[in-house]
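**Student:** Given next are the chains, with one letter for each unit.
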Amino acid sequence: MVLTNSQMEYILHLFLEEVNTHPNRRKGAATSKVNAFIALLPSKQPIDRQMSRRSTTAKKRAIARNNKIHPSKKDPEMEELEEQGIDVSNLEDEEDVHRVMNAIKQLPCPLAAKRRFRAKLLQKEIKQSSGCCGGSNTNRQNWRKFKIWKKEMSYKLEPWGSWLKNVEGHQGTGVVSYFVFLRWLFFLNLVIFILMLLFVTIPYVAFSNNGYTYVVTGSGVSGMSVASEQTCSPLYQVNVSSDAKTLIQDFLQGSGWMEKTAMFYGFYDSQDLNSFVAGHYSLPLAYLLTSLVILLFSLITMARYTMQSFRENLEDQNEKHQYCNRVFGGWDFALSEEGTAVLKHRSLYKDLAGELAEQRHHEARKNMSSNDKCRLYTIRFFINFMVICILGGSGYLIYWVTDWVTSFLADPNYKTNNDAIVVLLVEFLPSLTITALNGIVPLIFGIVVKAENYTPEFTIKITLIRTVFLRLASLAVLIATIYRIVSCTDKETTCNVGQNACDSLRCWETYVGQNFFKLIVLDFLVKVGVTLGYELPRKILTTKCDAAICKKIGLAEFDIPKNVLDIVYTQTLCWLGFFYAPLIPALATISMFVLFYLKYLSAMYNTNPPEIPYKASKSNNFFMIVLMIAFFLCCLPVGYTMVKLTPSYGCGPFRIYSYMTVCVDATISNFPSWLQTIIGIFTSGSFIIILLVLLSLIIYYTSSKSGARAKMIVMLKEQMIMEGKDKQFLLNRIYELTGEKPGAKKKDNKRPPSNGPRNGPPPSAVKTVNEVHQNGNVSKDNDLTPVDDVPEVVPYNDPDDSTRKTAETAFKREVTPVDWDQVPGDENTNRTTSTVTATNVAFDF
Amino acid sequence: MGTSNSVKNFTEEELRHYRKLTVFTKNEILHVYEKFQSLGTKDEPLDKDSKISREVMYNLKELRVNPFRDRIVTVFSSRGDGSLTFEDFLDMMSVFSVKSPREVKAEYAFRIYDFDEDDYIGYEDIKELVNRQTGEETLTAMDLERLIDNIYDESDIDEDGTISYPEFENIVENCPELIHRFRFRL
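For the record, the sequence lines run as chains A and B.
Heads up, the first sequence is in this note's numbering, so the first residue is 801 and it goes up one at a time.
Heads up, the second sequence is in this note's numbering, so the first residue is -14 and it goes up one at a time.
If we strip away everything but chain A, and leave its shape as in the complex, we get (with noise of 0.2 Å):
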């Protein structure tokens, strides 16, 4: 990467061949010069290999031109076009003329100029072109249109797209990437409801036949028993009420009537479809696969949209532009409305004074005594204590409610001893805990983590992780209590149900389907009410009450992060719950729906923009983090029922089985002697094995080979950055040996006198470099500006140091390996003492 000898050597040739030819020459013209030198060289050419290779040619073509190397006698226009960098001399055939014609389309000049170029072109074609250009063209055009036409109809096409842009337009792009998280959400619970839909739901509804004939298919498989199940199906029952009352409290708890629908596992059975076109469907079957199958599903397309964003993070991580994409690429100029504008302006203003502020934050941070440091890690330990403990007392209280409640309920009585309002607060009491505590506790988490005095990027990260255990804690609180139930020994022979101190359920799939069920509402509900309960009159009272106690309280803000968390959790309720309700995620999806239109409601009118300017690509990639951890978590329980735990005898599609995957040992002892041999020897332990050290051994190649690439990327920045210095280095000669320095005299003009702190060095510095240069034999006016290449370590609040340090760097920066002897061109020109001067000075010096 660092500049050949060879590059060096045709840059400097190009250039004494240059100041030989034009001793007197204009400056600006000479300023453009060194820019088209500069724009020579190999770390400005543009990343794609191929463009820059074509570009760079056509440039140092242009150049050469440019320098009368080759002299050529052309139209004006056509010089005109080659300064443009584009190649005009041999234009042969059509393709030539239409790539031309292409270029001349795309240059950066006026239409009068192009349409100048091109009837130019067009005279030169009459003389060459010979017939017409075929029917290949046109079908290109028309393949191109095609293209066209079909990016407008899948922009048009896409879902809620200019709902998007208008929220992008209010609030920014942050906001809508947390739309675009939920879209992204709600279609993947589309998808797994209609895979639940389509192989699960509709086969049984449709294809039932009513009464329970077993197509039993297994046959010396071991865990299967029809007896109990005949003896315990009959014995589930459901009381259904009439009361309306009691009708919309089932409703909300998935108990009575809404029990026995398809929502729940229960309503399903274990028969074996005959009607089915293809013979047998085995409902077990398909619903153990569907399972699978939507997990699976839910994983890989979380692993490519991580991988995706991901990607795109690791392309514009380009921390080292972040100031200049702010400032450069910080107007969107497709706004056109005057508010959306007035927001803009704010949310630039706050960008920029955050990440100055955060910068400040940094510095502040470095130059801290160890006795603040001391009193700050004293106070985040002990915070951190405090979340720790906080954490802990929400388990301990979702265990405590969620046991009193099972007690509360196992009295058989508790139906006529206590009002039904009661009754369902109790019945509900589980999830308005961990309701409540999700709301209340990230309010703690948020006040105490501002005495952490964290940078506001971490301050989000942390007081998200936080949230993060409270949520997943909670739920899985929420779990082991309900296993403790489902598991509970003491239970009678026939049915397998709790007796005594054990709770007698019937069917615990569906129980605990019932309790996703009722989180998944509440958490619903609870969105619902926030946003119509709390932000609603939260803008009535800004906008309509002009008392300053109302202005004071403002519009509440749209909160990313934990809205993000909130769908994330919704989406964990619909994981874990699908396979103990099939239905939920079809609640999920209108969840998300409903979301959709109710956030747009509080971001397009209800809430004010962010005020912490918000990273859309880094922390889209936390969540999705987030999101996993969440889904492997969803799967721990999920798995363990289908394999470790005794299903209900009477009830659900796994009735017959002692274990759910027994299902699968009976399919399989269906097949022909040799498949089972084969899937005998792909699940045999001995084999698994062997893949699991197949996969750890592919595991370790690739985390090796990434690491080296990683540390191929520090080689290679170290490199680019010697490059860089190699090239400032050759600039500067060739500033010295013109005499010429673009722009640096504008600079010290136009700069503010009592500016402190800027890059550049310091006046004082600045002398002495001058004076050194002096010293060391460099003729030059006086009136030029100084060589103004300090670099960056300076510490511009210093003077004297940086005096000491300028001369020390530029000291160094002499020791760059260019082997100024060797450049050629030093013999051949008059100026050859003057550059070998310059070049003993570089090393004397």
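Derived by calculation from the structure, the hints in this document are not laboratory data.
If a hint is listed, it holds; no wrong ones were tucked in.
FRET-style restraints, in silico, Cβ to Cβ: (1) N942(A) to E(-2)(B): 21 to 29 Å; (2) K1505(A) to G120(B): 44 to 52 Å; (3) S63(B) to F946(A): 31 to 39 Å.
Don't be surprised by glycine CBs; every beta carbon is placed ideally from N, CA and C.
Given chain A's structure and the hints, the job is docking chain B onto it.
**Tutor:** Below, chain B alone, put in the same frame as chain A:
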């Protein structure tokens, strides 16, 4: 008004020319023309030969709120007097179109941001750029100073205190947002 009316204003030859010289299709050109005409009033209808003054141009939806509107008009005015003919207008729309290539956008962005038109984006230019973008609230002098330092750190490769066009190209390559946002909705 309408498409048929607009077609009458151009000869086939002219339309073909415009199509070849801009990134637009025929329909888009007509659409641009409609947009151009919409700037005229009842008393002074615009046709393809009329010039619009700077002030009238500011009525364009995109320019109304754009903090760089004066620069845009100046840059695209082929006469340099701040008035735009239809061809200049078409030029502008072409550059700000989604379809126009990165190099062109970079070039024009550079010209727009070069407030003092000295072919360099210098200290004052960046200051102006930042102040125009932040609107009513302005960064404190210290923050501005620091910000410009940071920008120079990132982009001023030859450390001459200005950003030249090659340096700007380098920025553009590293800031995909710039090109992405340098567009008008047509």
